[in-house]
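Colleague: One letter stands for each residue in the lines below.
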Amino acid sequence: MTTTYVQDPTPATAPAKRPPSTAGRPLGRRFTDWLTAVCFTLPALLLFGALVLAPILYALYVSLFNWGGFGAPSDYVGLDNYSRLLRDPVFRGDLWRSLLMVLFSVCVQLPFALGMAVLLNQKLRGRALYRMLFFAPYVLSEVITGVLFSMIFAPQAGLADKALGAVGLDGLGGLWFADQNHVLPTLFLVMTWKYFGFHMMLYLAGLQGIPAELHEAARIDGAGPWQRFRHITLPLLGPTVRISVFLSVIGAIQLFDLVWVVTQGGPDHHSETMAVTLFQFGFQRYQIGYASAISIAMFLISLVFALVYQRWVLRRDTEGALTTMRAHR
Amino acid sequence: MPASHRAAVSSAFSRRRFLGTASAVGLGAAGLSACSDSGSTTDSEGRTVVEWWNIQTTEPSKTVWPERAKAFEAANPHVRVKLVTMENDAYKSKMTALTSSGKLPDIYHTWGGGVLKQQIDAGLVEDLTPSVQPWADTLVPASAKAYQFDGKTYAVPFDIGAVGFWYNKALFAKAGIESPPTTWAGYLDAVGKLKSAGITPIALAGKEKWPGMYYWAYLAMRIAGVDGMRKAADAKDFTGDAFVKAGEHLKELVALQPFQKGFLGAAYSTPNGEAAAMGNGKAAMELMGQWAPVVQADAGKGIGGDLGFFPFPAVDGGKGAQSDVFGGGGGYAVRKGAPKAAADFLKFLVTAESDRVLVAKGSMMPVVKDATTALTDPNLKRVSDALGKATGFQLYLDQAYPPAVGQEINDSVAALIAGSKSPDQVARSVTQVAKSQ
Numbered sequence: 001m002t003t004t005y006v007q008d009p010t011p012a013t014a015p016a017k018r019p020p021s022t023a024g025r026p027l028g029r030r031f032t033d034w035l036t037a038v039c040f041t042l043p044a045l046l047l048f049g050a051l052v053l054a055p056i057l058y059a060l061y062v063s064l065f066n067w068g069g070f071g072a073p074s075d076y077v078g079l080d081n082y083s084r085l086l087r088d089p090v091f092r093g094d095l096w097r098s099l100l101m102v103l104f105s106v107c108v109q110l111p112f113a114l115g116m117a118v119l120l121n122q123k124l125r126g127r128a129l130y131r132m133l134f135f136a137p138y139v140l141s142e143v144i145t146g147v148l149f150s151m152i153f154a155p156q157a158g159l160a161d162k163a164l165g166a167v168g169l170d171g172l173g174g175l176w177f178a179d180q181n182h183v184l185p186t187l188f189l190v191m192t193w194k195y196f197g198f199h200m201m202l203y204l205a206g207l208q209g210i211p212a213e214l215h216e217a218a219r220i221d222g223a224g225p226w227q228r229f230r231h232i233t234l235p236l237l238g239p240t241v242r243i244s245v246f247l248s249v250i251g252a253i254q255l256f257d258l259v260w261v262v263t264q265g266g267p268d269h270h271s272e273t274m275a276v277t278l279f280q281f282g283f284q285r286y287q288i289g290y291a292s293a294i295s296i297a298m299f300l301i302s303l304v305f306a307l308v309y310q311r312w313v314l315r316r317d318t319e320g321a322l323t324t325m326r327a328h329r
Numbered sequence: 330m331p332a333s334h335r336a337a338v339s340s341a342f343s344r345r346r347f348l349g350t351a352s353a354v355g356l357g358a359a360g361l362s363a364c365s366d367s368g369s370t371t372d373s374e375g376r377t378v379v380e381w382w383n384i385q386t387t388e389p390s391k392t393v394w395p396e397r398a399k400a401f402e403a404a405n406p407h408v409r410v411k412l413v414t415m416e417n418d419a420y421k422s423k424m425t426a427l428t429s430s431g432k433l434p435d436i437y438h439t440w441g442g443g444v445l446k447q448q449i450d451a452g453l454v455e456d457l458t459p460s461v462q463p464w465a466d467t468l469v470p471a472s473a474k475a476y477q478f479d480g481k482t483y484a485v486p487f488d489i490g491a492v493g494f495w496y497n498k499a500l501f502a503k504a505g506i507e508s509p510p511t512t513w514a515g516y517l518d519a520v521g522k523l524k525s526a527g528i529t530p531i532a533l534a535g536k537e538k539w540p541g542m543y544y545w546a547y548l549a550m551r552i553a554g555v556d557g558m559r560k561a562a563d564a565k566d567f568t569g570d571a572f573v574k575a576g577e578h579l580k581e582l583v584a585l586q587p588f589q590k591g592f593l594g595a596a597y598s599t600p601n602g603e604a605a606a607m608g609n610g611k612a613a614m615e616l617m618g619q620w621a622p623v624v625q626a627d628a629g630k631g632i633g634g635d636l637g638f639f640p641f642p643a644v645d646g647g648k649g650a651q652s653d654v655f656g657g658g659g660g661y662a663v664r665k666g667a668p669k670a671a672a673d674f675l676k677f678l679v680t681a682e683s684d685r686v687l688v689a690k691g692s693m694m695p696v697v698k699d700a701t702t703a704l705t706d707p708n709l710k711r712v713s714d715a716l717g718k719a720t721g722f723q724l725y726l727d728q729a730y731p732p733a734v735g736q737e738i739n740d741s742v743a744a745l746i747a748g749s750k751s752p753d754q755v756a757r758s759v760t761q762v763a764k765s766q
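Sequence lines, in order, name chains A and G. Residue numbers for the first sequence follow our numbering, so the first one is 1 and each next one is one higher. Residue numbers for the second sequence follow our numbering, so the first one is 330 and each next one is one higher.
These aren't lab readings, by the way, just hints derived from the structure by calculation. On a predicted model such as this, the values are computed, not experimentally measured, just so you know. Honestly, I wouldn't trust all of these hints.
Straight-line C-alpha distance at most 30 Å; calculated DSS-like pairs for lysine-lysine [stated by the list, open to error]:
| # | chain 1 | residue 1 | chain 2 | residue 2 |
| --- | --- | --- | --- | --- |
| 1 | A | LYS162 | G | LYS611 |
| 2 | G | LYS503 | A | LYS162 |
| 3 | G | LYS411 | G | LYS391 |
| 4 | A | LYS162 | G | LYS524 |
Working from the sequences, and respecting the hints, build out all of it.
Modeller: In C-alpha cells:
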C-alpha cells in the first residue's frame with residue numbers, strides 16, 4: 001500500500017546543490033565536489049528510495065496480481081485490476097466527485113479565502129482576533145472536525161436543524177449528510193470551514209509583501225479599489241495564488257479522513273473519494289491487488305497534474321531560480 | 330483463495346466492542362509486549378507452559394480469565410497457563426503474521442468460520458474431536474457449530490450470541506399489535522400499523538452497512554435454510570432463487586419507508602444512531618445481537634422493562650424455520666502439536682461449574698446447557714432461550730465468508746436499501762466477488 005507522493009512544487013534545492021561553475025577546474029577538485037554532493041544527498045536519496053520509490057514500485061508490482069495480502073502474490077492477472085477499475089462505477093464516480101471537489105475548491109473556496117484575506121489586510125478593529133478565529137479550524141484535526149460536524153448536521157437532533165428551527169427556518173433543515181443529493185454540498189461546506197483559513201493565511205502573507213507605495217501611487221493616479229485590486233494586488237499575489245491552487249487541488253484529490261469519519265463514503269457511495277475506495281478494498285476487503293491499482297491511479301493523476309502544473313503554471317515562479325542557475329554556468 | 334487470515338473486520342470489531350464493554354484501547358500495547366515466543370514449553374520449575382491467547386482486555390472478563398487459569402493450575406500443579414492478552418485488532422494482525430509463519434499459540438481465540446477453516450486447511454489446528462466427544466452433549470448445540478467442519482470439532486466455545494428483533498413493547502401496544510409477528514407478511518403488517526400510528530417502526534444504522542445486512546442474511550436463511558446457505562457458500566454461487574427473493578422481500582420492507590429519518594447517515598452506537606433511537610424510545614424495533622440492550626442504555630436512556638425480544642419471522646414457503654438462529658460467539662482453538670494440557674484446560678474451562686463463573690461473573694452467554702441457570706439478565710435469557718431451542722445455526726456472514734465477500738454483501742445490501750441496486754444485482758455482485766476469491 002502506498003499513498004501517492006507529489007513532488008515539491010518548487011525545486012528549491014536544485015540550484016543550491018550544484019556548485020557554481022565547475023568548468024575549468026582541475027579534475028581532482030571536481031571529483032571532490034562531486035563526492036561532497038553525493039555524501040550530502042545520499043542519506044536523503046536512500047530515505048526517499050526506501051520510503052517513497054520502493055513502496056510505489058511495490059504497489060505497481062502488486063497491482064498486477066489478484067492478491068489478498070497473505071503469503072506472496074502468485075495469481076498474476078496482468079492489467080485486469082486496471083480494466084476493472086475503469087469499469088467500476090464507484091471508481092468512475094470517485095473521479096467525477098474529485099473533479100467536483102477540485103472545481104469547488106478552486107472556484108469557491110479560494111476566492112472566498114482571498115476575499116477574507118483582503119478584508120483582514122485592511123485596518124480593522126479586532127483584526128488579529130478574526131485572523132486567529134478563521135485560522136483556528138485548520139488547526140483542528142480532520143477527525144475532530146468530522147465528529148463535530150456529524151453531530152452538528154445530525155438530522156433533527158443536530159445543532160444545524162435546531163438553530164434553523166429556532167429562527168423559523170425549519171424548511172431549510174434536512175438530512176444533510178444522510179441524503180444522497182445533499183451529502184456533497186454539506187461536505188463542501190465543512191471543507192470550506194476547515195481549509196479556507198489556511199489559504200487566507202497564505203494570501204495574507206502574500207499581501208504583506210506588496211509594497212504600500214504601489215497602492216498609494218495608484219490612488220494618486222485615481223485608481224478605484226477594484227482597479228487597484230485587479231491591477232496591483234492580484235498580479236503581485238500571483239505566485240501565492242498559484243501555490244495555493246496547487247495545494248488545494250492535490251488536497252481535494254487525496255481527501256480521505258474527513259469523509260471517512262463523517263460518512264464512510266456513503267450514503268450509497270455518494271461522498272466516496274478515491275482514497276476511501278482504496279481504503280475499503282485494501283483494509284476491509286483485503287483485496288490488496290485491486291487497492292494497489294487504485295493507489296497507482298491516484299498517484300498517476302496527482303503526478304500528471306503536478307508535472308503539468310509545474311511546467312505550465314508555476315513556470316514563471318520557478319523561472320527566477322532557473323535563470324540564476326543558468327547565469328552561474 | 331489467499332484473501333486475508335484476519336477475522337471479520339469492522340463489523341465484528343463493532344460487535345466485540347459493544348459486548349458490554351466500553352473501550353478496549355490501550356491494553357493492546359501491554360498485551361503485545363507480553364507475547365515473547367519462548368521455544369521451550371516448560372518453565373524453570375519443570376511445569377508445562379501453555380500459552381493462552383485471548384482478547385479479554387476489558388472488565389469483567391479481564392479479571393475472570395486469569396482467575397480461571399489459576400483455578401486450573403491449582404488442580405493441575407504440573408501445568409502453567411500463561412495468559413497473553415491483547416486488544417482485538419492487535420490480535421488479528423498478530424495472528425495474520427503467525428498464521429503465515431506456520432506456528433500458532435497453544436490456545437488461541439477464534440471466531441470460527443472462514444478464517445478457522447483456512448488455518449485448518451493449512452494443517453495448523455489440532456482436531457479436538459477425540460477430547461471433546463465425551464462431553465460434547467453438555468454444550469448448547471448452536472454454540473459449537475461455527476467450529477465444526479466435516480463432522481470434526483476444532484475449537485471449544487466460551488461465548489455465543491444471536492441476532493433477533495429487539496422491540497419496544499409500549500410502542501407495539503400503542504400501535505395495536507398484540508403479539509410479535511411470526512411471519513414476514515405479519516411483520517410487514519406490523520410495520521404498517523406502527524407507521525399509521527405515527528411511530529418510526531425500525532431504527533437502522535445505514536452508514537455502517539452491517540446492520541442492514543442482517544435483514545438480507547436472515548431473509549436468505551429463512552428462504553434457503555441453513556443447508557441452502559452452506560451449499561451456496563460452497564458453490565460460491567449466491568444467484569439462486571432464495572437470495573434474489575431475500576432481496577425482493579427486503580425491498581418490500583424498504584418500500585414501506587420504515588426507518589428513522591436520516592437513517593442512511595446514521596451510525597450504530599453514536600448519540601444520534603440506531604441504538605440511541607431505540608434507547609430513547611423513538612423507534613419501535615431494531616434487528617441486532619445480544620449486545621443491543623447494553624448499547625441502547627449506553628447511547629440512549631434505555632427502555633428497561635419495555636424491551637422485548639422476538640426471533641426473525643419465518644417466510645412463507647421458505648425452507649428455514651423461525652427457530653434457526655443467526656449469530657456468532659467466541660471460542661478457543663488449539664494449535665497442532667500443542668501439549669495435551671491445552672485440551673485439558675479447555676475441557677476445564679467449559680465444565681458447567683466453570684461456565685457458570687464465566688456467565689455470572691464474566692458477562693458471557695452460557696455455552697453449557699447446565700450453566701444457563703446462572704444467567705440472570707432477562708434480556709440475555711431470551712437470547713439464550715432462542716439459542717437453546719435453535720434448530721439450525723448460521724454464523725455471521727462476514728465471519729463465515731472471506732472478508733471481501735462479507736464486505737460485498739454489506740455494500741450491496743446497503744445499495745439495495747438505498748434504492749440503487751436491484752435484488753438480482755445484489756445476488757450477482759456477491760457471486761462475482763465470491764468467485765474471484
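Colleague: Against this structure, judge whether each hint is valid.
Modeller: A quick look at each hint next to the structure:
Taking the CA atoms of LYS162 (chain A) and LYS611 (chain G), the gap is near 18 Å; set against the 30 Å cutoff, the hint holds. Restraint check for LYS503 (chain G) and LYS162 (chain A): satisfied, since their Cα atoms lie roughly 28 Å apart, inside the 30 Å limit. About 14 Å separates the Cα atoms of LYS411 (chain G) and LYS391 (chain G), which keeps this hinted pair within 30 Å; it holds. The suggested pairing of LYS162 (chain A) with LYS524 (chain G) holds, with an alpha-carbon distance near 25 Å, which does not exceed 30 Å.
Violation of the numbered hints given earlier is absent; every hint is satisfied by the structure.
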